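Protein chains: 2
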Amino acid sequence: MPLHGLPEHRRVGPSGGRAPGRGGALMGGTRVFGEPIPRREDPRLLTGQGRYLDDLGRDALAAAFVRSPHAHARILDIDVTDALDVDGLVAIYTWEDLPGRVAEPLPLLIPHPSLTHGRTAYPLARDVVRHVGEPVAMVVARDRYLAEDAASRIRVDYDPLPAVVGIEEAARAEHLVHDDVPGNVGAVLEQRTGDVDAAIEAAPHVLEFRLDIERSASMPLEGRGVYARWDADDGSLRVYSSTQASTSVRAAIAAKLGLPPGKVEVIAPDVGGGFGVKIVHPWPEEILVPWAARLLDREVKWTEDRREHFVAAAHERGQVQHVRVGFDDEGRVLGLDVRILHDHGAYTPYGVIIPIVTSTQLLGPYKIGAYRAEVVSLYTNTVIVTPYRGAGRPQGVFCMERTMDRIADHLGRDRAAVREVNLIRPDEFPYDQGLTFQDGRPLIYDSGDYPALLARIKELIGWDSFEEERARAAAEGRRIGIGLGCYVEGTGVGPYEGGHVEIDTSGRVHVATGLTSQGQGHETVFAQIAAAELGVPVEDVRVTTGDTRRFGYAVGTFASRAAVMSGNAIALAARKVREKALRIAAEALEADPRDLEITDGVVHVKGDPSAAVPLRTVAVLSNPLRYAFDEEAQRATQFAVGGDATEPPLRGEEPGLEGRDYYSPVRSTFAAGMHAAIVETDPDTAEVRILRYAVVHDCGRLINPRIVEGQIHGGVAQGIGGALYERMVYDESGQLLNASFMDFLMPYATEIPRIETAHLETPSPLNPLGIKGAGEAGVIPVSAVIASAVEDAEGIRVHSMPLSPDDLYRLRRRAERDESLRTRSGARAARERAT
Amino acid sequence: MPLHGLPEHRRVGPSGGRAPGRGGALMGGTRVFGEPIPRREDPRLLTGQGRYLDDLGRDALAAAFVRSPHAHARILDIDVTDALDVDGLVAIYTWEDLPGRVAEPLPLLIPHPSLTHGRTAYPLARDVVRHVGEPVAMVVARDRYLAEDAASRIRVDYDPLPAVVGIEEAARAEHLVHDDVPGNVGAVLEQRTGDVDAAIEAAPHVLEFRLDIERSASMPLEGRGVYARWDADDGSLRVYSSTQASTSVRAAIAAKLGLPPGKVEVIAPDVGGGFGVKIVHPWPEEILVPWAARLLDREVKWTEDRREHFVAAAHERGQVQHVRVGFDDEGRVLGLDVRILHDHGAYTPYGVIIPIVTSTQLLGPYKIGAYRAEVVSLYTNTVIVTPYRGAGRPQGVFCMERTMDRIADHLGRDRAAVREVNLIRPDEFPYDQGLTFQDGRPLIYDSGDYPALLARIKELIGWDSFEEERARAAAEGRRIGIGLGCYVEGTGVGPYEGGHVEIDTSGRVHVATGLTSQGQGHETVFAQIAAAELGVPVEDVRVTTGDTRRFGYAVGTFASRAAVMSGNAIALAARKVREKALRIAAEALEADPRDLEITDGVVHVKGDPSAAVPLRTVAVLSNPLRYAFDEEAQRATQFAVGGDATEPPLRGEEPGLEGRDYYSPVRSTFAAGMHAAIVETDPDTAEVRILRYAVVHDCGRLINPRIVEGQIHGGVAQGIGGALYERMVYDESGQLLNASFMDFLMPYATEIPRIETAHLETPSPLNPLGIKGAGEAGVIPVSAVIASAVEDAEGIRVHSMPLSPDDLYRLRRRAERDESLRTRSGARAARERAT
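The listed protein sequences correspond, in order, to chains A and B. So that you can map any letter, position 143 of the first sequence is 127 in this note's numbering, and since no number is skipped, the others follow by simple counting. So that you can map any letter, position 524 of the second sequence is 508 in this note's numbering, and since no number is skipped, the others follow by simple counting.
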């Protein structure tokens, strides 16, 4: 059954109860596309057979880094004398030792007109350090212990400078992070549609408030790591990196080291989570380690330790938002004005993509009369800020959904009902928000059914019957609350990905795409796509990702784009291979290609399984060499010897049963979802316990519901971390006080409730498979949902995240204190400021 | 200036005096295509910077082989006990240790219907050895010395069997090489056109004689070698082999070791000559060394030593030919009947391609009334016989040209005049010889001007004034003679080659093709082709050959096919890249692609050099990533951010300024040449000295005359070796008596005269560049030319090659003895038998 047709919008029940839908390809009676088959990588990964960065290069030299202990300081001197005594020391490098382009500042990856004062770090600090953890010297030694020993003996003489820590302090600009960046302002950007001032002025109701979102971080269980081998015979460099963007790392290394890109192989091996931090490239270590490997002509490896990951990788989230919203009596938003102060840390290698995403994705499933977002992106003497799963969306959704709850509260209306009146209707797609998306293209939602999502999440969580539940709990002396959060997520951002599909002469199918995997299940879903397109058992398909040897052009894994971009590219490539296989088989079978089909890896005449040729033989026939290396293949090629003497042997085909194609969409596709939770708050300890968590999710056609649900579960777990636990605690001197897993709290499985999931499928009209991205979805609305539910339980206002028991306790106290203020309310004149 | 048009037939003067012709591409005032630029590989190769097989893997374990000392024996027992004491021994393998497909006989590469009894060897002898040198056991040790020590301690108990040595003994079949091959006959094949018996019967004159051509061998200065690395992390194998066919070696290793081809990388590094012996694949060592490397998870290397190359690689040439020819009074051949006994050695891994070539290429530039060649290809207990430069053609030309000389002698006519009347005329092309070529396709000559070649060689050597010269020499008591030899060579055999051309973001051009190089100058000529097509300086072009990582599909380097096949594929690929560059540049320059040209690596509007964009920037623009790694590129991509929002970023193009194409001809193209020599024979020592040697050569359009001349010079030198020095001297027990460079004579520079060369260019109409192959040309007619000249000097008949002073001395004695026989002659009844 071909996949070309997009199935009609269909609704699918909760996990496990999914009804067999249309549109999947049948394979020997088993549907491949759309089926919740187990993850093919799990037997390997769950039995410890994964090959992560640190599993490689066991004989390699080890690198360690001397990192700044100061948030801001001038380097006066670096004295390596004592380190030279360490037995097994191979080399010590400081900025002075770096040649040519290796010594230059790292590239600014995503220039944007708003980023008027972009700044990047030197790979090793040149004269000033701007955050604790900034690398100052690299040590290479026989093993990591010796390298650390030597690093600890290097004495760096610093002249400390005042540290700028926190958004307010950055905005005050009493001190500057970069001497030549006035006001610490890296970028000012605005998104607007309509006349927001006039709209708010004319609105029956206006609210104004402030929101605070703390810093958190991707925090993959495997940190970063780089392992490089120089091949002097070949003049080539092989670099393994725990990266989300191997082709881009390759481009950076090639440029920095002056090598042709073809002489640099970058491979992302098994990667233990990325969540965004590994999309940054090149990390200084990704340049320095390969450079040293070539210079020393020795294998060199560096594996990030956890403290390094806290202070020398990247953070995200930290924003302060000032909201002003005008709305009518039903809660319809007439004008929304948001001022966002964004803390981008000490440098901007990844540009200002996060606040761009926040300011454009904030509107979610709603149509807003007029909108303006102004972003000021600020330097601080802290770790750089780059995208972390959700990438600015959790902050935007927190803002929008807090706004919806405030409107409902103000009007005394049901929170869901207020959202309902603002939703974009199904007949309004494609819906143009009138903004410019992160890819520089108009922000146009391709498809969706937001009212259906809302109805479904209400049904799933029992929204309309919650008051009975609350009453029952109250009767038991328990406080419970219900919360809701909605979002739309631009996924599958361009510009492109490519896929390569090859059927070899053993019948194995090799699928390659350039983007990388960090555990998402690409080996499974890409194999499902190829198997469905080709008509082969999914077991016969092998998938390679993130290996520049196999596919040299790619963008990378981020922005929930892998399935949309590479999935469609692989489908297109597989269709080319299928067509080619049918042409060649048709000749061998003396049939019309249109009369053929492929079942279980065998091309046969429809309705006549005896007129058949296996794909492995088609692969032999595809290459008009005069011989092959097994008997069956040799028999097959016998026919081809000599061939039709009037035609060239290739007959206009390229040799090999393989095909390559690219998918490059006009614009992104927009997934959506709504989450709801019921929480219980402890009256004494102020602990928040999540009793139920429900997700309705629409990422278009599902390739594998099990994997989508896994993504949602992981995302919700990470979102719960952000909602209740995770924060980066800096002191005023810029020291990160909780830079370890002892002090930085992340949820265990014990903190994560069972997540009830249902799917809606509104296929994307933008791509052949009708799919949308799902990788980040789970995390996006969680803070908003939890805040909403805690507010509902407590009758207080939650304006910052995360919300620790301590925070909640303080909010309760403040609420009691402010009780008198609460009584003030009014129609148009209401102005309220929450801290 | 485009290369697309084929220049008209033009005549070019002797070396150095070549007049500027038409059709070359002008590059900054310098013609690139067609110019005799110096070989770009020479600075590297001539200063010892080449990286040959044995330069690699210095830390690898070493393999050595126990080889049979018997030409034919049954293996009773292999006792390795004593070898186990050798310190540093890692492993010993015999056939019993080989698993699965590794244990199977090697593949029979080119099956042919005539090869009814093809046999191949086991990689290690299983129970019977069939030639001295056949591998029996493999030893792996810490270094080669230790491996050889251990090998020498392995005791193999043999039961010797009678050895079949020499064509006559094989044909007698008193003993069999293979029990199951009756008569020792591997193949019987026939080529025929017309009714040869009737034609000879009706001919006014008939001659019958026998010719003997000795065995020789390719004898590259670098022997074979294999170096393998298993990458356990990657599950991949990298194999360096001194091979002429890296993709085929890869296919064989993958099949034998059960690896996907994509997990096997085969690289031919710098290779010190091949001349055919390295096209055989897989050699047993090419399977065994990688197999051991994977098994041991250690690098393993084997480098062939000279004795191994003599007894365990391959030989060629050895044939006995029985000729019967009928002709008219002018010497026009009416019927030619040749019976060829071909010695193919102990096994037939490469099929019967050599006698196929002999029997089809024998006719040379002549049209023969009726023709029949019958080949019997025989097993002997000697080293296998596989193609060596010329690959059966020297034997065929020896036969045909000896026949022409015999006819001239018989009729008392000028030897050149007899050839003249038999030549195919220029207006007869395409000329169908009515035979089936080695590729299974009709033997049709595409173009040529044989009368012009003959006129030119006569002019160059001074044919018509030679009698005066002879008289002057005779007056000085010196014997001199003049000889002539003509040939046509099918070159550029299919089925295909491919080329990949990429311009990277630094402006460097990377050209890759799958076939291999053995010193021919591919780095130079392929760069010339790409530079001319692209409009870039030849210095900016880098060429990679024989590296499966860079190009995975190829046939290999043999049959004078590299320039024709890969050269045209590269030209076609470069044209794609040029078109793409013009499209992209046109957009950047807001111009029409048709108004653009490329000069010195810069695309510019014709006549307006200011409206220009360098190719390196076009390369950046070709990949719609959002960033690049140098400032100029980043500026260039600024324009591309966002792009035209109505179009997908790729706009239907694949990313990257690169292109791939294949060239697959309907049939081969036919080069031709004529050689002439003047020799002096010493009346006392019977030494033959070559006074002058002239070549007129037509390989279609010349890419680089200097390289073509280098090929001709090397070929003539190798031909002189075959004509005067080289032979494999086997004793009756199958021992090769001269298996070293002390005993096997090859000419030094001192034996090679200055070679006078002139070119004719009759472009091939079959390929875009109009070129024909030139790699083997030089060697083909040399034996015939020298035989002709010695006959002319001595007044004797030369019916065997090589001709040592000893041989000549014996011929003189026999001639004196046979003087009386010489007087017998007559018209139709003449029958003569020479031994």
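Honestly, the hints are just simulated from the structure, not real lab data. Quick caveat: nothing in here was measured; it's all calculated off a predicted structure. One or more of the hints may lead you astray.
Any copy, or any two copies together, can satisfy a pair, since identical chains are not distinguished.
Claimed, not checked - Straight-line Cα separation of at most 27 Å, DSS-like style, residue types lysine-lysine; simulated pairs: (1) LYS560 to LYS247; (2) LYS351 to LYS590; (3) LYS247 to LYS564; (4) LYS560 to LYS351; (5) LYS351 to LYS247; (6) LYS560 to LYS590; (7) LYS564 to LYS351.
Do the hints match the structure? See the list:
no.	hint	verdict
1	LYS560 to LYS247	between (29 Å within a copy, 23 Å between copies)
2	LYS351 to LYS590	neither (51 Å within a copy, 52 Å between copies)
3	LYS247 to LYS564	between (32 Å within a copy, 23 Å between copies)
4	LYS560 to LYS351	neither (41 Å within a copy, 48 Å between copies)
5	LYS351 to LYS247	neither (51 Å within a copy, 53 Å between copies)
6	LYS560 to LYS590	within (20 Å within a copy, 39 Å between copies)
7	LYS564 to LYS351	neither (47 Å within a copy, 43 Å between copies)
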